[in-house]
Amino acid sequence: MAILITPSTKILIQGITGEFGARHTRLSLDYGTQVVAGVTPGKGGQHFEHQGSRVPIFNSVAEAARATGATVSAIFVPPPFAADAILEAVDADLDLAVAITEGIPIRDMIRVKRAMQGRRTRLVGPNCPGLVTPGTGPSSKGGCRIGIAPGYIHRPGHVGVVSRSGTLTYEAVFQLTSKSIGQSTCVGIGGDPVNGTSHLDVIKLFNADPETRGIIMIGEIGGSAEVEAARWVREHCRKPVAGFIAGATAPTGRRMGHAGAVIGGHEDTAAAKIAIFRECGIEVAATPSDMADALLRSAAARGIKLS
Amino acid sequence: MNIHEYQAKALFEKYGVPVPRGAAARSQAEFAPALAQLPEGATMVKSQIHAGGRGKGTFTNGFKGGVKFCADKATALAMAGQMLGQTLVTAQTGPAGRRVQSVYFTVASAIKKEYYLAILLDRASSRPVIVASTEGGVEIEKVARETPEKITKVRVDPAFGLADFQVRDLIAALGLTGAEAKNAARLIRNLYTCFWETDAAMVEVNPLITTPAGEVLALDAKVSFDDNALFRHPEITALRDLNEEDPKEIEASRYSLSYIALDGNIACLVNGAGLAMSTMDIIKHFGGTPANFLDVGGGASKDQVVAAFKIILGDPNVKGILVNIFGGIMDCNVIAQGIVEAVREVGLKLPLVVRLEGNNVEAGKATLAASRLTLVSGDTMADAAQKIVRLVA
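Chains R and C supply the protein sequences, listed in that same order.
If you count by this note's numbering, then the first sequence holds residues 1 to 307, one letter each, in order.
If you count by this note's numbering, then the second sequence holds residues 308 to 700, one letter each, in order.
So here's chain R without its partners, still in its complex pose (with noise of 0.2 Å):
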């Protein structure tokens, strides 16, 4: 098992006939995901051709869904139109959401999350690598890839790991699969200010999932999720929990790249969240370079074997 997705699961991608979106179709078909359909306003009746796949293109998501019983959608949609692309997916009652542009205006992802509340869709990004749950095939081919991760890097596994960061997401699971670690599923939530997941979202999941052994959460300075993630960690998770948090040497209320790492209060610096995170009895990386066996010392410290 894994959470969010499996190698069965069904996707479809929005935006699929633009360059980035069609670039990274062609990923996930390599790697054996089941990319099921394509959606694209006015395209409708096409198709999507790689390589002796033949993904049909639809004009809605909701037509799409219909027609090939996609149950995710990924989001390849230019900022301007990505909200809309978002509360599309929504409407038609699709089980996730995945979110990848970059650029979305902070007051459109407002809009949106106010429109989601009540609905079943969960939304993970905006801003965001993406998921990963990876397979049995040779480079962890036959896995479902959602978004723009290298899949190739993965194997599957027991350790969960979920990231604000795309890079240091794969930093990790590369550390983790050259230590013969696997991955149950690798959650990159996004580094916006407004997203749809949180850390402590996708923490419960993994914390539930009975595959899943050990968590690694990768953070950064601004904003207080890393925080409300640790504190339910304390109380509630069963599992060995490894954290670090990008951004110590970061210049007081300077952007970073993300729009959400931006230090504004006294809890969301990196020292505050490392404190917390100590506290909370999650085991602290020291550098990115210590992700993998800062988690390997908390499993070891209680008996726990990740692979």
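Among the clues, some could well be false.
[As the list claims (entries may be wrong)] Under the rule of at most 20 Å between Cα atoms (straight-line distance), these lysine to any residue pairs were calculated in the SDA-like manner:
| hint | chain 1 | residue 1 | chain 2 | residue 2 |
| --- | --- | --- | --- | --- |
| 1 | C | Lys555 | C | Thr400 |
| 2 | R | Lys113 | C | Lys449 |
| 3 | C | Lys363 | C | Gly388 |
| 4 | C | Lys449 | R | Ala272 |
In case anyone wonders, no lab produced these hints; they're calculated from the structure.
Using the hints, position chain C against chain R.
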């Protein structure tokens, strides 16, 4: 994106948020025409820079105070001459300070009482939050720390907008009644509309004042905008003042690089914001100091890498460079070729440590080795960081 006070106040006026009458001047020649727009009498002269703490700031020539009260317009004219073209250092500018390229003259309002009012994003609720306090004209962080009960927060439901009862709550918290209450209610509603319609990231009025005549005015104005939304506000994008930005950062944005100058001596070139931040962290962890944040994004083309090297080398403090690329999808060999060409093109003389990992990394490392460039390879982030710290020590 930030704008100047005089620009923010023009925006406020457009949305019906009352401000003291004022006029800006960008040169000595514009002083008199600007002052001519104001009535005789007490006048404020305010240095226009994108940083707070101007009133308590000091110019590099020793002159104190970037905001001055003047009893009459003649004094204001002389005072403006002391500020324009000078460099003002405040608690928020850093030691280098900012050159004052425009001054703003306003009518000096009679103040009955000062308040604080701001609107920004509340990340926890994903809603706009209006922050108000009876303690205006002081540092709001200090109020939050020492007397948090004097701060009222109202979160606005984006589906309904600012509700009347919420405005009443804010007015009550500020202790306003009668004409002041009515005027403040109108101001708060209009300020919220301004915040929402312009895709502002933050509007801050400190102080908001009442006058003996019962007026409620925004005496100061700080406004910043969500960069992601600028595409739909050309009129706001036009307010961008490149003089307020680091030329290296402007050059970087031309190549879709995200660059922020810091004060250390080890430059870094990294793909991905999170990895770039943690590369700075790991340099610090091993005893070095990062010279910058530089995210080349997901692509890292040769042109980008060359531009990045040039920008990095424009900083005279840089004594060494750490390149840290995790090529997930990208071919590491293409990146290695880009690094080799970039190093040759800029004629790099400083120590360079390259940590390359990911797709086709063996070919990439071979390309670097075959280049005969004097660069050092790092296997992990920790290894690379330790090597560059040793090389610049």
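Now the hints, each set against the structure:
no. : hint                    : verdict
1   : Lys555(C) <-> Thr400(C) : holds (17 Å)
2   : Lys113(R) <-> Lys449(C) : violated (32 Å)
3   : Lys363(C) <-> Gly388(C) : holds (18 Å)
4   : Lys449(C) <-> Ala272(R) : holds (19 Å)
Going down the numbered hints, you'll see the structure goes against just number 2.
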